[in-house]
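Visitor: In this note's numbering, the protein residues as written are 1 to 512.
It is possible that part of the hints are untrue.
[Unchecked claim] Within a straight-line C-alpha distance of at most 27 Å, the following computed BS3-like cross-link-like pairs (lysine-lysine) qualify:
id : residue 1 : residue 2
1  : K287      : K316
2  : K327      : K287
3  : K235      : K43
4  : K287      : K272
5  : K159      : K43
6  : K363      : K43
7  : K42       : K168
8  : K42       : K287
9  : K168      : K400
10 : K168      : K100
11 : K189      : K316
12 : K290      : K316
13 : K42       : K86
14 : K86       : K100
15 : K400      : K327
16 : K363      : K235
17 : K76       : K44
18 : K159      : K189
19 : K404      : K363
20 : K400      : K363
21 : K76       : K86
22 : K86       : K44
23 : K272      : K42
24 : K42       : K159
25 : K272      : K316
Bear in mind the hints are in silico, worked out from the structure with no lab data behind them. Please read all numbers here as calculations on a predicted model, not as lab measurements.
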Amino acid sequence: MEPLTRSEVFGQLRKELYGDRESSHSSTHTFIILGASGDLAKKKIYPTLWWLFRDGLLPEDIYIVGFARSDLTVEKIKAACLPHMKVSDEELDSLSAFFKRNSYLSGCYDVGSSFERLNSHLSSLPGGETANRLFYLALPPTVYHHVSTNIRNHCMNYKGWNRVIFEKPFGHDLQSSQELSAHLFSLFKEDQIYRIDHYLGKEMVQNLMVLRFGNRLFGPIWNRNSVASVVLSFKEPFGTQGRGGYFDGFGIIRDVMQNHLLQMLCLIAMEKPASTSSDDVRNEKVKVLKWIAPPDIADVVLGQYVGHPDGEGDAKLGYLDDPTVPKDSCTPTFATVVLYVQNERWDGVPFILRCGKALNERKAEVRLQFTDVPGDIFAERCQRNELVVRVQPDEAIYLKMMTKRPGVFFSPEETELDLTYKSRYKNVKLPDAYERLILDVFCGNQMHFVRSDELREAWRIFTPLLHQIEAAKRQPIPYTYGSRGPSESDDLIQRVGFRYEGTYKWVQPHTS
């Protein structure tokens, strides 16, 4: 069987996303990276485009244009990106072909004439007069207004489609987010705006919908009658590592909880959508958010890491030891917040969102803890069942359950039904989250991007808490670098109904 050409692969992907609807737009595509000199471009966007190009997943007629203030060349961009591109010796020819499709312009983000020059360059590329244009703003939000206005005024191609990707943060609170959304809506339609949350591109996050709605056994128990609590965790084993000045302006709630964890909560709590179309899925996510009230301050624990006295390297340093952080900073690097979805399915079930830096491990997971078995006949030796979806590292789904202890005993023992991806799918390469999401933008699929009403509801939930914390200059609880976080967090989680027995440890299965 002959291998498919790039355009055939891309056509199949389009068909999967669109069905039999044909696109009447141009087959030439131009991908413009605004902020091409920055870390995000160097470490993520250029490498992602290379992987898609290498694997034959980009359109055949693709051109990539970098734009930034810096005086750069394509060769300099290549040198900066290579350490992050994972190129084998056999791929060097393909890499050369990839960079031949690249060009670079320098200019100012707030000067219209710079974007006029950019537009002239885009039009001069092969097929550029009719090409579809995809603009990626790998930029700080402080320049979004200028850049988006200049794109709209000088760089739109009316003979093809135009799509614009924005990176978080999408505002600082409800008001600033609403102002940014209003500005963008004055320039673009909703179907041209792609607000990227890379967590929505993760394999296991995308799997949540199939797990829930593609399996009969979960439907009857996915509710308040059977679920005692839901814990959504995001843990990093490192601190701010010199980026504290940037992080200090946002804090852990804005950085992780208000977006990544809340998006996962929606996928866990939402009702079954009418279809897998972007709008049907996002409509259900918005409904979930509307049922959530802003958290009570009594259901919040905030922490800030301090150095470990016996630690090595960065572990000796606390958050306030970062020279870019103000010495009196009250910015939390850890937070546990309990939310309630006050609808018929979930009323009374705590959704515990927990995230932090400088903790004891790297982990992101969703954990549903089920209620006790009624009519216990095993003298309280049975632990609660748990369904765990591990997003990273070592993607896995496992169900903690009770079985008879092997041998002559007749006593219950905790074990698991385990689907670890590395074991079950040995030769499958899981794509990077950015690969999926950038491919979605090319195909026009907005399911895994944040819609404006989702964003508004997310900020409505967290803005009162953020304003309350900042107005009171509430001092976070110190916790040691490399620990599990403040013990007060464990106390809160137990108080609202999560039970931690400490009797079970997940064992990674043999992959050979």
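Visitor: Hint numbers the structure violates, sorted upward?
Guide: 1, 2, 5, 8, 9, 10, 11, 12, 15, 19, 23, 24, 25
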